[in-house]
Amino acid sequence: MDDQTQVPPAGPGATRPALVGPDSLATRLPPHLWFAVSAVFHYLGPAFAVLLFPHVGVLGMAWLRIATAALIFAPLTRPWRTFARAESRTRLLLIVFGTCLAVMNCSFYLALDRLPISLVAAIEFVGTIAIALVGLRTARNLAALAIAVMGTLLLIDVKWSSDPVGLFWAFLNGTLFIGYIVLGHRVARAGAGDGIAGLGAAMAVAFVVVLPIGVSDALPAFFSPPLLIAAIGVGICSSVIPYVCDQLAMSRLPRSSFAIMLSLLPVTATLIGVVVLRQIPSLGDCLGVALVVAGVAFHKPVADRA
Numbered sequence: 269m270d271d272q273t274q275v276p277p278a279g280p281g282a283t284r285p286a287l288v289g290p291d292s293l294a295t296r297l298p299p300h301l302w303f304a305v306s307a308v309f310h311y312l313g314p315a316f317a318v319l320l321f322p323h324v325g326v327l328g329m330a331w332l333r334i335a336t337a338a339l340i341f342a343p344l345t346r347p348w349r350t351f352a353r354a355e356s357r358t359r360l361l362l363i364v365f366g367t368c369l370a371v372m373n374c375s376f377y378l379a380l381d382r383l384p385i386s387l388v389a390a391i392e393f394v395g396t397i398a399i400a401l402v403g404l405r406t407a408r409n410l411a412a413l414a415i416a417v418m419g420t421l422l423l424i425d426v427k428w429s430s431d432p433v434g435l436f437w438a439f440l441n442g443t444l445f446i447g448y449i450v451l452g453h454r455v456a457r458a459g460a461g462d463g464i465a466g467l468g469a470a471m472a473v474a475f476v477v478v479l480p481i482g483v484s485d486a487l488p489a490f491f492s493p494p495l496l497i498a499a500i501g502v503g504i505c506s507s508v509i510p511y512v513c514d515q516l517a518m519s520r521l522p523r524s525s526f527a528i529m530l531s532l533l534p535v536t537a538t539l540i541g542v543v544v545l546r547q548i549p550s551l552g553d554c555l556g557v558a559l560v561v562a563g564v565a566f567h568k569p570v571a572d573r574a
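The sequence shown begins at 269 in this note's numbering and counts up by one.
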């Protein structure tokens, strides 16, 4: 598969997502705003999910998260139509993307169950640095990345762990997060609306992959309405809102630019800590926030090579 692989455009009678069109929100709002929304929910979702681990288990929570997203996307994007219209190489792209989503979500939760979120986030950020470096072609963007990395290191208190199993899941999650960015950009090249249709198809694949893995752990949620509602909320916050926003940002941002903007994730984590958890940042944290924002602002997007 090369970077020209695209999700086929919707036919005259096909249902297209509501955000499609030249005058839609997808094109009127800047891509950086879509990324900011995704960055906020990137941490809200896991914060709620960890609270549910004792009730539905780690893999049960992953199952409920993916199942919720798949069921929400299904009537909106009609993944069966996307697969029916797609060429064989596009179907393969969507299957690989969906499998990546399923295993990435499971490994992320398995890592969070054993390691501090700061360590998991630090390992995940290593992959985004690699992607950003691949797309850098100017001294200005290299300097921007260096500034953002320095700020991130100040924000993330990286403490190594003696838990080899937890580290395995964290590194697997970090590797698959690279795959999410690369494959997500290939799907997004079809345009904002068709990219979301491809996302819906990939999420259906993810549900098929995870179906036999966590269904037994997820069963208690079906006998407790409050627990089920909470799990659905996690699914919406973790796999619907951020993934849709990522597609809307990816469709208009070069891959390297999107990767360097991911350094904003520790910033949003700090802000959420202040607002939700009343965790006041230190002077070093404030300096880290300032450096990350400065690095992203200094970065100048450069179009990806075909």
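In short, the hints are calculated from the structure, not lab data.
No residue lacks a Cβ here, since even glycine has one placed at the ideal position from N, Cα and C.
A few of these clues could be false.
As the list claims (entries may be wrong) - Listed next, with one range per pair, are the computed distances between beta-carbon atoms: (1) Leu487 to Thr406: 51 to 61 angstroms; (2) Pro343 to His323: 25 to 35 angstroms; (3) Ala342 to Asp431: 32 to 42 angstroms; (4) Phe436 to Phe321: 15 to 25 angstroms; (5) Leu319 to Leu555: 25 to 35 angstroms; (6) Glu355 to Ala558: 39 to 49 angstroms; (7) Pro384 to Pro488: 40 to 50 angstroms.
Does the beta carbon distance between Phe436 and Phe321 stay inside 15 to 25 angstroms, or does it fall outside? holds, 18 angstroms
Do the beta carbons of Leu319 and Leu555 sit within 25 to 35 angstroms of each other? holds, 31 angstroms
May I ask you to test the hint 39 to 49 angstroms on the CB atoms belonging to Glu355 and Ala558? The hinted range 39 to 49 angstroms holds for Glu355 and Ala558, with Cβ atoms some 47 angstroms apart.
Hint check for Thr406 and Leu487 - Cβ pair distance inside 51 to 61 angstroms: Given a distance of about 53 angstroms, which is inside 51 to 61 angstroms, the answer is holds.
Return holds or violated for the Cβ distance of Pro343 and His323 against the range 25 to 35 angstroms. holds, 28 angstroms
Using the C-beta atoms of Ala342 and Asp431, is the stated range 32 to 42 angstroms upheld? About 37 angstroms separates the Cβ atoms of Ala342 and Asp431, which means 32 to 42 angstroms holds.
Supplied distance hint 40 to 50 angstroms, evaluated on CB atoms of Pro384 and Pro488: violated, 27 angstroms
In this structure, the one hint that does not hold is number 7.
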